[in-house]
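Trainee: Based on the hints, put chain G in the right spot on chain Z.
So the protein lines, in turn, are chains Z and G. Numbering of the first sequence is given in the numbering used here, commencing with residue 1 and proceeding in unit increments. Numbering of the second sequence is given in the numbering used here, commencing with residue 1 and proceeding in unit increments.
Hints listed in this document are in silico derivations from the structure and should not be mistaken for laboratory results. Predicted, not measured: the structure shown is a model, and the values here were computed from it. Where is the CB? At the ideal position from N, CA and C, for every residue including glycine. Hints may be right or wrong, so weigh each one.
With the Cβ distance kept under 7 Å, some of the chain Z side facing chain G (calculated, not the full set) [as the list claims (entries may be wrong)]: (1) Lys22; (2) Glu38; (3) Ile55; (4) Ile70; (5) Phe93; (6) Gly94; (7) Gly217; (8) Met223; (9) Leu227; (10) Leu238; (11) Asp239; (12) Ser241; (13) Ile245; (14) Tyr357; (15) Glu362.
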Amino acid sequence: MMENVVGLAYIVAAGLFVLALKWMSAPATARRGVFAGEIGMLLAIVGTLLRHEVIDYQWILVAFFLGSAIGIPLAYLMPMTAVPQRTAISHAFGALAAALVGTAEYYRQTPHGFIMGALVFETLLGFVTFTASLMAFGKLQEILPTRPITYRNQNVINLMLLGSAVVLGVLLVISPEQRWMFPIFITLAMLFGVLLIIPIGGADMPTVIALLNSYAGLSASAMGFVLGNNLLVIAGALDGSSGFILSVIMCRAMNRSFTNVLFGAFGQVQVSAAAEAQERPVHSATHEEAASLLDAASRVIIVPGYGLAVAQAQHKVRELYDLLTKRGVDVSFAIHPVAGRMPGHMNVLLAEVDIPYDKLFEMDDINSEFAQADVALVIGANDVTNPAARHDRSSPIFGMPILDVDHARTVMVIKRGMSPGFAGIDNELYYMDKTLMLFGDAKAFLAGIIKEMPVPARV
Amino acid sequence: MQSLELSVYVFMLAAFLGFELIRRVSPLLHTPLMSLTNAISAIAVVGAILITGEKDASTLSRVLGFIAVTASTLNVVSGFLITDRMLKMFKKREPRKP
Chain Z
1 MMENVVGLAY
11 IVAAGLFVLA
21 LKWMSAPATA
31 RRGVFAGEIG
41 MLLAIVGTLL
51 RHEVIDYQWI
61 LVAFFLGSAI
71 GIPLAYLMPM
81 TAVPQRTAIS
91 HAFGALAAAL
101 VGTAEYYRQT
111 PHGFIMGALV
121 FETLLGFVTF
131 TASLMAFGKL
141 QEILPTRPIT
151 YRNQNVINLM
161 LLGSAVVLGV
171 LLVISPEQRW
181 MFPIFITLAM
191 LFGVLLIIPI
201 GGADMPTVIA
211 LLNSYAGLSA
221 SAMGFVLGNN
231 LLVIAGALDG
241 SSGFILSVIM
251 CRAMNRSFTN
261 VLFGAFGQVQ
271 VSAAAEAQER
281 PVHSATHEEA
291 ASLLDAASRV
301 IIVPGYGLAV
311 AQAQHKVREL
321 YDLLTKRGVD
331 VSFAIHPVAG
341 RMPGHMNVLL
351 AEVDIPYDKL
361 FEMDDINSEF
371 AQADVALVIG
381 ANDVTNPAAR
391 HDRSSPIFGM
401 PILDVDHART
411 VMVIKRGMSP
421 GFAGIDNELY
431 YMDKTLMLFG
441 DAKAFLAGII
451 KEMPVPARV
Chain G
1 MQSLELSVYV
11 FMLAAFLGFE
21 LIRRVSPLLH
31 TPLMSLTNAI
41 SAIAVVGAIL
51 ITGEKDASTL
61 SRVLGFIAVT
71 ASTLNVVSGF
81 LITDRMLKMF
91 KKREPRKP
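Chain Z on its own, in the form it takes in the complex:
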């Protein structure tokens, strides 16, 4: 009887997870999706607690309490600019849970055959994702150096490490009784996770985070095979495919092949291109000049990038948006898929300051509009605006889809200095005659523009 109730709870939970993703597709229904997910999770947990195998509740309840005590403040106190870090650390926790369950299952029942294969897969992905996500967290939080760290034969070493972990995994599947191999297998997996992220630079983080999301899901799905539980298989598969699609989208937005990402051979600094960056004249402008240009414009497109998040400038962007809209200027936002440090990062920041989401446009929808714009205002974005991607075959970012800001009548770029972006590539946009460089911190410069904005004649 009780087993039937549990089975039913699991089936309904699986259905609710599917609905949660379906409702997530549009902003109007998205919150309903979260609710469906919550009910699904509640059913899954209560159903599991009711199972006859679960006898000892003491430690489970303590863990529930502890997890909630950390989780609730984490959700409410985390500033929106830190969302990528939070996502990375939660991938780490999710993967750790899957990996530890796999480990415990191994020592408990030492399965054979296909089940052992799934268990090896689960723990391998789980531990790799655990340390990789911790590293990603460290880089995003700037505890670790954010620039890519490369050394000789990096890929060879990484592949050899992964190779030996896989070989040990296969040996474990063949003879699961050889318990001495398991700790070595775990150590190799964790080490590989660390080394995988070392060469990753900030601009590649969106792809990496999406990929880790996928791995964490696949690990949970593998656990479903180990435990013979289809709810886990389904939830993990949904998460796995979601992360996979997002990383494919990110890859396309950077014109990288998918194998390139899978083998971690990305994030290499292209020093050669930066070396030839010579002293070329740029035009710079003051707060006042920028303000009067914006005031005279009738269409302005704002291009936000990671610099906006770093400077926490979203509130000033909102003030400028209000000021310009009041003057009858049409302001829209152009968002490159890889702007920021995770998929959709910029959208969340702009939503935080109540910018209506119908003013936020994707690259393909807005690129043709730049030609009609009087001003394109680039705030803390670099490589995604570099026209070299369109025509310069020697450029490392050649072929990457970019925002056509150079088609606007005037381009204004708020930037701290002339240092090249993450990829170390000089941006030829900055040397164009129509480009005005606004040197300074994004937040401070926007405040300056707002202050200098001429008194409106029309009101």
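Mentor: Chain G only, in chain Z's frame:
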């Protein structure tokens, strides 16, 4: 073996369903989407509970299970809450000023 085969079918269909559903998600919502799927993948809590709550579980199982339940509860709670917090901020039009 029968049920294992079934699970493979289930995995395949769920993965395809996932692809089709996620492809439709507007890029606008990619960040909340990722935190939602992250919360859902904390379903690992099911396995963690089974290991921790087992009668006469070994100390190793209990310790690993305890950590796993804590980590996945943390993900469930913070994942759903922060997704909702983000989604609340997405508004179509200006809130009308009184």
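Trainee: Does each hint fit the structure? Answer for all of them.
Mentor: Hints versus structure:
Given the 7 Å rule on beta carbons, the hint for lysine 22(Z) holds: about 6 Å separates it from the nearest Cβ of chain G. Contact between glutamate 38(Z) and chain G, as hinted, is supported at the beta carbon level, the nearest pair being about 5 Å apart and thus within 7 Å. The closest approach between the C-beta of isoleucine 55(Z) and any C-beta of chain G is roughly 4 Å, which is under the 7 Å cut-off, so the hint is satisfied. Checking isoleucine 70(Z) against chain G: minimum C-beta separation of about 5 Å stays under 7 Å; hint holds.
For phenylalanine 93(Z), the shortest C-beta to C-beta distance to chain G is roughly 4 Å, which falls under 7 Å, so the interface hint holds. With its C-beta approaching chain G no nearer than about 5 Å, glycine 94(Z) sits inside the 7 Å limit, and its interface hint holds. Satisfaction of the interface hint for glycine 217(Z) is found here, the shortest Cβ-Cβ separation to chain G being roughly 5 Å, below the 7 Å cut-off. Given hint, methionine 223(Z) at the interface with chain G, holds; its Cβ is 5 Å from that chain's nearest Cβ, closer than 7 Å.
Against a cut-off of 7 Å between C-beta atoms, the interface hint on leucine 227(Z) holds, since the closest Cβ of chain G lies about 5 Å away. Given hint, leucine 238(Z) at the interface with chain G, holds; its Cβ is 4 Å from that chain's nearest Cβ, closer than 7 Å. Taken as an interface hint, aspartate 239(Z) checks out: its beta carbon lies about 4 Å from the nearest beta carbon of chain G, inside 7 Å. For serine 241(Z), the shortest C-beta to C-beta distance to chain G is roughly 3 Å, which falls under 7 Å, so the interface hint holds.
The interface hint given for isoleucine 245(Z) is met, as the beta carbon of that residue sits about 5 Å from the closest beta carbon of chain G, less than 7 Å. For tyrosine 357(Z), the interface hint holds, since its Cβ comes within 7 Å of a Cβ in chain G; the closest pair sits about 5 Å apart. Because the closest C-beta pair between glutamate 362(Z) and chain G is about 5 Å apart, less than 7 Å, the hint holds.
The earlier numbered hints are all upheld by this structure, with none contradicted.
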